[in-house]
Every structure is written in C-alpha cells, then in structure tokens.
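Here is what each chain is made of, one letter per residue.
2 protein chains.
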Amino acid sequence: MTGTAASQADIAADRLPGGAPAPDVALAARLFDELRLRTGGGRPERGITRTSYGLGEQIAHEIVQREARRMGMRCEIDAACNLFMTMKGREPGPAVMIGSHLDSVPAGGNFDGAAGVLAGIAVASGFHRAGLRPARDLTVAAIRAEESTWFGASYIGSRAAFGQLAGRELDTVLRSGDRIPLGAAIASAGGDTARIRDGVPQLDPAAIAAFIEPHIEQGPVLAGAGRAIGLVTGIRGSFRHREARCEGAYAHSGATPRDHRQDAALAVARLIVAMDEAWQKLAGEGHDMAVTFGQVTTDRDHAAFSKVAGRVDFSLDVRSEDTATLDVARAELAAAVARIEAACNVRFRLGPETGSRPARMDPALLDQLARIAADAGGDARPMPCGAGHDAAVFAQNGIPTAMIFIRNENGSHNPFEAMEMEDFAEAAKLLSAFCDEGPGATGPA
Amino acid sequence: MTGTAASQADIAADRLPGGAPAPDVALAARLFDELRLRTGGGRPERGITRTSYGLGEQIAHEIVQREARRMGMRCEIDAACNLFMTMKGREPGPAVMIGSHLDSVPAGGNFDGAAGVLAGIAVASGFHRAGLRPARDLTVAAIRAEESTWFGASYIGSRAAFGQLAGRELDTVLRSGDRIPLGAAIASAGGDTARIRDGVPQLDPAAIAAFIEPHIEQGPVLAGAGRAIGLVTGIRGSFRHREARCEGAYAHSGATPRDHRQDAALAVARLIVAMDEAWQKLAGEGHDMAVTFGQVTTDRDHAAFSKVAGRVDFSLDVRSEDTATLDVARAELAAAVARIEAACNVRFRLGPETGSRPARMDPALLDQLARIAADAGGDARPMPCGAGHDAAVFAQNGIPTAMIFIRNENGSHNPFEAMEMEDFAEAAKLLSAFCDEGPGATGPA
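Protein sequence lines correspond, in order, to chains R and H. Here my numbering is used: position 106 in the first sequence is 106, and no number is missing along the way. Here my numbering is used: position 175 in the second sequence is 175, and no number is missing along the way.
Chain R on its own, in the form it takes in the complex:
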C-alpha cells in the first residue's frame, strides 16, 4: 500500500547506504538560522559578529549546549570555556572528536567555524533519533576564540584545552576594539584562569583516536572545480605583524619639497608593492605563499587631505605550508623595510611577530575518509588548506587529525559566505559513516 511504502521510504531515508544513520541536516539548518538571527544584530549587510569570549560566541555556545543536553550528551566545559559534548559509543577505546569554533571575525559570515560544530551536532542527532550509538564515544567540540582577529593570538581555545596557553598571554594579549585582556575576557565568560595558568589540560591526546574538523572552504577551489567537499592534506603556518606602523613626519602637502618629505603613506605603499613583488617572485619559484596587508590606516585625528601622512598603522600576514618559505619571506621583509626607511626617511616599527607552524594531516585517517566517500559514490578532493585552524593544534599534539572542506562561494570572513546545505550534508554523511564504522576500520565488514 502507498502508506506502507512511504513509511518504508521514510525509514530508509534515515539510513545511509552503508547502514549509518543519516545526519540530522534539518536540525543543523534550524540552528544556522537561529545563529544568524541571534548573532546578526539585525543588519544583514553587516553579516554576523560572534566576538571571541563576547556576546555572540556565548550565544552560540548556549545554543549548541541546549541541543546536546536535549540528546542526553554529557557536556563538559573546560577552564577556557571550550565545550565538549559526548555521546556514549558502542565500544571502549579512544573517542572520535568532531568540532570547530563558534566565534567569527567582525562582520563575518555565518558558516566559518559554526559549520564544523553543527556538522557534529547533526551526526549526533542522527544517531540519537535513530536510537543508535556510534562505534566509539563521539565528542562534539565547540572551541573558543579561534579567530585571531580579536586577540591577535592563534588557537587560544584549543591551546588552552591542551594546557598550552602561556599564562602571560592572559595578561598581555588584548582584544581589539575594547582592549580587554584575554584573562579578563575568559573570566567574564565563566572560565577559570587559575587552571589555565597552571597549565592543567582538559584533553588527553591518548584518549582521542581522531579529531576531524569540518569547515567551509575559505577560498574558491571547490566551487571552481564543481566539488561539494575536499579533504585537507596540510594547514599553512604563518608569521604576522598585527600592529605594525610606519613613522614619518606630518607636513603641509603643498609647501614641503619632495626631498624634505617623510611620507609614511608613500613608504607603506612601497612596502606593500615590494612584498607583492616578492610573493610573485617566490611563487614563480614554486613556493607556496600568501601575503596580505589587511589593515592600512592613517591617523584619524592627525591625518588630513592637506598633510603629508606622518604615521600609518598597518597589519601584515604572511602564510605558507613550508617553514623555509616563511623564513625567506621574513628576510625579504627585512630587506624591503631597510631599503624603504633609507629612501623615504621614515622608521618602520613592525611590533611583535606572532604566527603558527604548518601542520600535516594524518595520512591513514585521510585514506579512511577518502575510502568511505568513494564507497558512497562520492568524491572528496585532496587539497591544501591556506588558513590556520584548531585542527593544527590537535595535529601538533600527536592526535590523528583531518579536515573536511565544504564548498563555499564568496570566500569567508565576510557577510557573503554561501555554503549550500546540500554540500554540508555531504560532509555530515561522510562523518556519520566514519563514526558508525569507527576509526581505523578498513572497510565494511
């Protein structure tokens, strides 16, 4: 009868071809909508803002914790306010962890970070509504403070989870905008800075069989290739100068002869052009690299259209998969700075250098994920990752780590991120199948 067939189809739709429960993509879609509504400030053109240890991030953590409790998951919040939500597995042994971060850049998009956490929630909800359990304990991780725009430091939440956040960072690292110290921000979110200072880890690498971070692709590669998802082979490292400046001398724009000028705007322009030329040259020699001056600003109070600029503040971000290339770029920067200081009679103050090391993903874990994707008739493209992610910290702690990239139009870190739920579903299905067979399995029994 029609009714019975429909019921059977409904039941079948709750299982993936290999028998794993279908992920609860509809729940994820509702949660994306709730996140957009509650962290968007009512101005769609401004995107969403989920400040690290600020209101938007706090709201996002409350939303996912509510859903995890609804499914009966065990919720643990560590000293840095990272949230770990665990569903009991069928077998003992190290857990599978799926997760990402819930903060965003200012005026960012709804998917960067959140997609990884909600993919874990969708997988867990799939098991929950099917009345099934994953092979191993499944922990969905919501990591704090991944977007280094806010505190000018990388991987705050994940480093703290491994007891690796330096105590001095709590005091010296300030949030952009409100200049609140990191420690004070963590305390205001309910964290325990004394435990962080003591270096007490929340996570034991030996207890985690695999960490998988699903994330929207932040570049145009998958969209250009017509692929829904990709498997990341490695994560770029970086060096950054977030608070660099060039000091010249303010002077009248019409009355200061060319050879008397100390023009900070011209000097910084020359530096930007020089570093772009260095990038072009090194890329031509086969180096992986990216150079970005994302912020360039004359002084709001002192600069005027009729004055030579006496000061320009700027940021510089250099990334590469290869530590040696970062060293070459650092040398190019030093040479350009010295050359331009002499030519323009200015001083550069690059300020502290921050950054992160490149990280390799786990080949065996990638092979397993690629095999599952192929078995399901899908296709997960291997690709490098240009941006830093918490997955790098898990990999550097010796945990077999992978990232699944999800196709996304318009890049990330802007209001126009455009992930399709169909592509998100591809990643969630892959994860559900992986959780069902368990880490290290070599294929269907």
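No lab work stands behind these hints: they were computed from the structure. Mixed in with the good hints there might be a few duds.
Pair by pair, the computed Cβ-Cβ distance ranges are [unchecked claim]: (1) R:D259 with H:T233: 19 to 25 Å; (2) R:E341 with H:R330: 30 to 36 Å; (3) H:H260 with R:D14: 35 to 41 Å; (4) R:E341 with H:G377: 43 to 49 Å; (5) H:N345 with R:D259: 33 to 39 Å.
Non-contacting residues of chain R with respect to chain H, defined by C-beta distances greater than 10 Å in every case (computed) [as the list claims (entries may be wrong)]: (6) L27; (7) D33; (8) V337.
Small disclaimer: the values here were computed from a predicted structure and weren't measured. Glycine residues also receive a C-beta, built at the ideal position from the N, C-alpha and C atoms.
Dock chain H against chain R, hints included.
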C-alpha cells in the same frame, strides 16, 4: 642724565628707522599665548584645533575683535562671519588690507593663519599707541574657513566676502567629522546665509588698494636659507580628490589564491607608488608639482588583519604653479587608475574633483615691499608658495595682492609649528612701514 637718555631711547624704540611706529609685537605675543591656551584643549601634544565655523575659530574671532574695539577700530562682520576691523587713515582713497584666517586644521599649530591676523593687529596697535594714523584706512581682516580640511572646499570665507560662494555649497558641502552642512555651520556662527545665497558682496575690489597676507612659511625654505621673511611671487593651484575610494572584495587572507584576489590595499599602494613616480618624472622635466595621499584608510568595521582588504578610502592632493602641469598630472592619474583596475580587478571611485587655480602676486606691490625691506637694511627673499591661501581670491578679484612668508620650523598643519617672534616682528615692521608710506609710494619723501 641717565633717566632722560633712557626715556629718549624708549621713545626712539617706538619708531622704526623711517619714522613709522614700531608694531606692538608684545601684544601679538600675548594674543598667541591666549589663542594657544583657549583653543588647545589642554593637551599640548595634540596642538590646537580651531574648527572652521566651530568653537576654536569663534574664540579666536572674539579675541581679535576685543583688541580692535579696545583701539577704537570699526568692526564689521559680513554674512559669512568674516571680521573686518578698520583704523582710519590720514588720507582718502582705497584702503590697505592686512589679514589671513583664524581657523586651523585638526590638531594643527598655533601660527598658521593666526600670524597674519595678529600681524595686522600688531601694526594697528603700533599706530594706536603712538597716537599716529596710517596713510590710508588700514583694515585688518580675519577671514573664515580657509582650511579646506573641514569642508572640502577652498577659500570659503574669502569667496563669500566677494559674493562668490555658490548657494549650493551651503547645502551640499559637509564638515568632516560632524557632517554638518556649511550653511548650517555659518548660521550657527551667526552668519546670514540668505545674503550669501543672494551673492551680496561685502568687499568692493575698487576700495582695496592692496591686500597683504602675512603667513608662516609651511615648508623649510626660509629656515634652510637662514632668512626671516620672504615675498611670495605666486600661489600654487591644485586638483583634489578628497573622498576617493578603491573597491575590491574582502576575502580570507590565507585561503584566497593570488589570481582570485581583488585587493584594494594593494591597488591603492600601486596608485600611490605610480603617482610618486609620475611626480619624480615630471619634476625631472622641470615641472613644479607636489603629490600627496594624506589619508589612506581601510574600513574600521570590515577590515581585519586576516582579510584581504575589500575597500580603501583615500585622499589625493596634486598642486602646481602651472595649470598645464595639473593637466598632465590629471592624465597620469587616469592612466594609472585604468592600468591598476585591470591588473588588480578592482574599481576606483575618485569622487568629485575640487581644486583651485594658480594665482600671481602683484609685481608693483612686491617691488614696493622689497624696496622698504631693503631700505630698512633687511632682506625679503622672493619665493613661490606651495599652498593655497585666501590671497589667491583677492588676486583673482583684481586686487593688488602680496604675501609675506615668515620663517617657521617643522612645517605647518601640525602641533610643532615653530615661528620665532623675532621673525614675526620683521614682517610686522615691514607692514608698519608700508602702511605709514601708503600703497604706491615710491620711497621716503
């Protein structure tokens, strides 16, 4: 006797060698101090701020009007709040006008503008305390709103004084920062915008025999040459784009391949470097020119160190003594913009072009001033003027016009302007002698 000799010396000190009364430099010094105190905001490192039609300018006008009334000068305030203070002369005929402006750039210096008005006050006070009268009526002019940083329009006060301010400017021109329309700002200062709209002039060119604007030099030429004062031969014209921008696309700094970027920061940097190269080339060919990008700013809300810049706002100021050179520079700009738009996949929006025509000073008036300076054993160096001044408007209205530059260290439009009162006194003595012999005189009788 000693007492008598001292008294005679005092009396002699009140006269210049040619018999003109010594200017009251001590009064000017007290007024500079009062201006610094009352328009400095209590923060010396921020210099002074006398906003056009704002509080600081209003205070300055009150101070000089108070002094003029004390001397019994006739005070007239026109529809644009320009202040004309007149001391009766010995002879009939067109007046001598000495003056400048009393506004400043934001966080500017105490002398730019004010030195010209206080030189006139010092000369008038010299005549007043000596019980003498100048040859012709002496009008000290305090012009409004000369610093185009505020309203993005040149010579607002002096154009209004000649009935040449366009009515639409009252509505469309907004003050930087508070975005108050020019007309509203004039009205709040007590002006009569209806009269300005009707184009009613306050000044009759036929009634002004000479306009002389004393002003600190805004460049380093006199200081470098060891001269106290200079005589300006001509005033540079300009073209400006005060609200230009470059539009690219925000994108993740690590995940966006080089050939997908639309980097507005790189594009503007290339434009700055290209226009500097054009300046270098044209200067080498003998062109008089100055190119300044005084403001260059990524978006406060959208830019981040980890994002390719999607937008950069900037200002451009190009100046020359020669209209033809401005045309060449304009063509260089257009070519660079087109080239960089294609190379960087961005769009430049240069916005409206404003500017001013070059203006020649009056040769006969300059000759008279040079002869008086030489007769007094001094030396007034002839020199061009790189900046725009109200004197250009007086010259363009057919009034014999001159500018006296006063040596000044550290440039202008910054808190570190450093005019010495000894140099100011040289300019004031020259003016007193000129006022005593009257315009067009060929030498001592």
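Results of checking the hints against the structure:
1. The given range of 19 to 25 Å is respected by D259 of chain R and T233 of chain H, whose C-beta atoms sit roughly 21 Å from each other.
2. Take E341 of chain R and R330 of chain H: their Cβ atoms lie about 32 Å apart, and the range 30 to 36 Å holds.
3. Between H260 of chain H and D14 of chain R, the C-beta spacing of about 40 Å keeps the proposed range 35 to 41 Å intact.
4. A C-beta distance of roughly 45 Å is found between E341 of chain R and G377 of chain H, which places it inside the suggested range of 43 to 49 Å.
5. Under the hint 33 to 39 Å, the C-beta atoms of N345 of chain H and D259 of chain R, about 36 Å apart, fit the expected range.
6. Consistency note on L27 of chain R: stated as away from chain H, and its beta-carbon is indeed over 10 Å from all of that chain's, at 27 Å minimum.
7. Distance check on D33 of chain R: its Cβ is at least 23 Å (rounded) from any Cβ of chain H, clearing the 10 Å threshold; non-interface status holds.
8. Even its closest Cβ contact with chain H, about 15 Å, leaves V337 of chain R beyond 10 Å, as expected for a residue assigned away from the interface.
No hint from the list above goes unmet by this structure.
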